[in-house]
Amino acid sequence: DAGVIQSPRHEVTEMGQEVTLRCKPISGHNSLFWYRQTMMRGLELLIYFNNNVPIDDSGMPEDRFSAKMPNASFSTLKIQPSEPRDSAVYFCASSVEEKLFFGSGTQLSVL
Amino acid sequence: SQQGEEDPQALSIQEGENATMNCSYKTSINNLQWYRQNSGRGLVHLILIRSNEREKHSGRLRVTLDTSKKSSSLLITASRAADTASYFCATEASGTYKYIFGTGTRLKVLA
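So the sequences go chain by chain: A and B. Counting along the first sequence from 1, when you hit position 5 you're at 5 in the working numbering, and nothing is skipped either side. Positions in the second sequence are counted from 1; adding 111 to them yields the working numbering.
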């Protein structure tokens with residue numbers, strides 16, 4: 001099993017540009033989570049899906065952020081337009097039996 | 112915020128010593144989990160304890176849970192240099208599938 005796969009591993013972009021982060025969860029896992037990690041705010045839950053349906057997006061910071069899960073094997077997190085304060089590591093995690101399995105994260109730098 | 116808080120924020124010990132870190136949280140929970148994060152990597156699940164359990168063991172790990180005090184502790188016995196990492200507690204609030212992470216403890220084990 002390859003685990004949760006995130007791409008890209010690193011993303012450097014300029015303020016105002018659109019950024020799309022991708023995640024492939026572990027096959028058979030029915031829940032998917034997007035987290036953001038910064039030194040100042042720690043790990044923040046942005047949104048989670050259950051059976052491809054968004055359940056709680058109360059952690060999404062602004063309307064600039066959106067997430068989709070068109071099928072059980074793929075999810076995206078989009079930021080449009082991006083701002084320097086969005087710089088962080090973004091993690092995707094999928095779960096089964098209450099345990100979360102994390103991807104390696106996307107290091108996003110917005111200049 | 113439901114976010115848990117951990118203490119100490121940082122801990123430095125000699126190889127072979129025991130390491131204890133604590134987690135406090137704010138709301139009723141279904142379970143509490145501990146995760147480890149090595150530098151630059153995603154989080155890895157260590158152990159889960161349910162709200163009706165008081166203590167659980169897994170190898171060199173021992174977790175306790177006191178729901179009356181809304182607190183948990185993680186004990187790593189006979190620490191090794193490879194245990195150097197950040198450790199996070201995560202809680203699942205009752206009635207939700209949201210996993211909220213604490214602020215983390217940075218553990219350094221000196222060889």
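Be careful, since some hints might not be right.
[What the hints assert, rightly or not] Straight-line Cα separation of at most 30 angstroms, DSS-like style, residue types lysine-lysine; simulated pairs:
1) Lys181/B <-> Lys78/A
2) Lys99/A <-> Lys68/A
3) Lys137/B <-> Lys180/B
4) Lys78/A <-> Lys209/B
5) Lys99/A <-> Lys78/A
6) Lys78/A <-> Lys167/B
7) Lys137/B <-> Lys167/B
8) Lys99/A <-> Lys219/B
9) Lys181/B <-> Lys137/B
10) Lys137/B <-> Lys209/B
11) Lys209/B <-> Lys181/B
12) Lys180/B <-> Lys209/B
13) Lys99/A <-> Lys209/B
14) Lys167/B <-> Lys68/A
15) Lys209/B <-> Lys167/B
16) Lys167/B <-> Lys181/B
17) Lys24/A <-> Lys68/A
18) Lys68/A <-> Lys180/B
19) Lys167/B <-> Lys219/B
20) Lys24/A <-> Lys99/A
21) Lys167/B <-> Lys180/B
22) Lys209/B <-> Lys24/A
23) Lys181/B <-> Lys99/A
24) Lys24/A <-> Lys78/A
25) Lys180/B <-> Lys219/B
26) Lys68/A <-> Lys78/A
27) Lys219/B <-> Lys137/B
Hints are computed from structural coordinates only; laboratory data are not their basis. Keep in mind that this is a model prediction, so the values were computed, not measured.
Results of checking the hints against the structure:
1. Lys181/B <-> Lys78/A: The hint is violated at about 36 angstroms.
2. Lys99/A <-> Lys68/A: Holds, at about 22 angstroms.
3. Lys137/B <-> Lys180/B: 9 angstroms, holds
4. Lys78/A <-> Lys209/B: 21 angstroms, holds
5. Lys99/A <-> Lys78/A: 25 angstroms, holds
6. Lys78/A <-> Lys167/B: 40 angstroms, violated
7. Lys137/B <-> Lys167/B: 21 angstroms, holds
8. Lys99/A <-> Lys219/B: 25 angstroms, holds
9. Lys181/B <-> Lys137/B: 7 angstroms, holds
10. Lys137/B <-> Lys209/B: 14 angstroms, holds
11. Lys209/B <-> Lys181/B: Judged against 30 angstroms, a Cα distance of about 17 angstroms means the pair holds.
12. Lys180/B <-> Lys209/B: 21 angstroms, holds
13. Lys99/A <-> Lys209/B: 12 angstroms, holds
14. Lys167/B <-> Lys68/A: 37 angstroms, violated
15. Lys209/B <-> Lys167/B: At roughly 22 angstroms apart (the allowed maximum being 30 angstroms), lysine 167/B and lysine 209/B satisfy the hint.
16. Lys167/B <-> Lys181/B: Holds, at roughly 16 angstroms.
17. Lys24/A <-> Lys68/A: 12 angstroms, holds
18. Lys68/A <-> Lys180/B: 38 angstroms, violated
19. Lys167/B <-> Lys219/B: This hinted pair holds, its Cα atoms lying about 24 angstroms apart.
20. Lys24/A <-> Lys99/A: 17 angstroms, holds
21. Lys167/B <-> Lys180/B: 17 angstroms, holds
22. Lys209/B <-> Lys24/A: Holds - the C-alpha atoms of lysine 24/A and lysine 209/B are around 20 angstroms apart, at most 30 angstroms.
23. Lys181/B <-> Lys99/A: 21 angstroms, holds
24. Lys24/A <-> Lys78/A: 15 angstroms, holds
25. Lys180/B <-> Lys219/B: 28 angstroms, holds
26. Lys68/A <-> Lys78/A: Roughly 9 angstroms between the alpha carbons, so the hint for lysine 68/A and lysine 78/A holds.
27. Lys219/B <-> Lys137/B: 28 angstroms, holds
Checked against the numbered hints listed earlier, the structure breaks hints 1, 6, 14 and 18; every other hint is satisfied.
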